[in-house]
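Residues per chain are reported as follows:
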Amino acid sequence: GNSVTQMEGPVTLSEEAFLTINCTYTATGYPSLFWYVQYPGEGLQLLLKATKADDKGSNKGFEATYRKETTSFHLEKGSVQVSDSAVYFCALSGGYSTLTFGKGTMLLVSP
Amino acid sequence: GAGVSQSPSNKVTEKGKDVELRCDPISGHTALYWYRQSLGQGLEFLIYFQGNSAPDKSGLPSDRFSAERTGGSVSTLTIQRTQQEDSAVYLCASSLTDRIYTEAFFGQGTRLTVV
Numbered sequence: 001g002n003s004v005t006q007m008e009g010p011v012t013l014s015e016e017a018f019l020t021i022n023c024t025y026t027a028t029g030y031p032s033l034f035w036y037v038q039y040p041g042e043g044l045q046l047l048l049k050a051t052k053a054d055d056k057g058s059n060k061g062f063e064a065t066y067r068k069e070t071t072s073f074h075l076e077k078g079s080v081q082v083s084d085s086a087v088y089f090c091a092l093s094g095g096y097s098t099l100t101f102g103k104g105t106m107l108l109v110s111p
Numbered sequence: 001g002a003g004v005s006q007s008p009s010n011k012v013t014e015k016g017k018d019v020e021l022r023c024d025p026i027s028g029h030t031a032l033y034w035y036r037q038s039l040g041q042g043l044e045f046l047i048y049f050q051g052n053s054a055p056d057k058s059g060l061p062s063d064r065f066s067a068e069r070t071g072g073s074v075s076t077l078t079i080q081r082t083q084q085e086d087s088a089v090y091l092c093a094s095s096l097t098d099r100i101y102t103e104a105f106f107g108q109g110t111r112l113t114v115v
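Chains A and B, in that order, are what the protein sequence lines are. Numbering-wise, the first sequence is residues 1 to 111 according to my numbering. Numbering-wise, the second sequence is residues 1 to 115 according to my numbering.
There's no promise every hint is true.
[Unchecked claim] To give an idea of the interface, some chain A residues facing chain B are shown, with a C-beta separation under 8 Å as derived from the structure:
hint: 1; residue: G43
hint: 2; residue: L44
hint: 3; residue: Q45
hint: 4; residue: L46
hint: 5; residue: F89
hint: 6; residue: T98
hint: 7; residue: T100
hint: 8; residue: F101
hint: 9; residue: G102
hint: 10; residue: G104
These aren't lab readings, by the way, just hints derived from the structure by calculation. In this text, a Cβ means the ideal position worked out from N, Cα and C, and glycines have one as well.
Using the sequences plus the hints, can you model the full thing?
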């Protein structure tokens, strides 16, 4: 079945540091890949997505590239802000049209 | 409404009692999902409704769990004879279609505590 593995947190960074959160997946066929973010006290919201190999999703300074050869979709941001502190979930959508999520990675950014 | 609405936001119940959790999806969204979020366990798929098709119940953990969706809109997740391991945040999401690249919009969740 489908599965998503992402790095465990928390990831603790200083403001303006470079961020990478690793995500790898297992799926049959050609899934779509997503990053969702959950800010403190809020619901999950879509951050970015990519629907085919080599696509790059981007939003709010975050980027992730769909790498089929390495089955990865790592999330990156060049300069994090305190307001980026949240839990980030990598997810994929495969043949059953449901989203399979990773366990989430908490990001803590200090001033 | 403007977003997916879930009620109640918090529910504390005694072990063995039944609970009902409600989800109001975004108007016009044909797909509706229930997930469970436990500490350190990510999001666990429970059930999926798409239009008038039979729901995908493959994620329901036991026969104590059931869900229905009336009129293609509001959905209710029912947990019978609750157990302490049912304590979690239950999330509902809806999307415009069931196509795999369609964004799913999540509600704020219902935090269920079984004591």
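Exercise. Which earlier hints can't be squared with this structure?
Worked result: none
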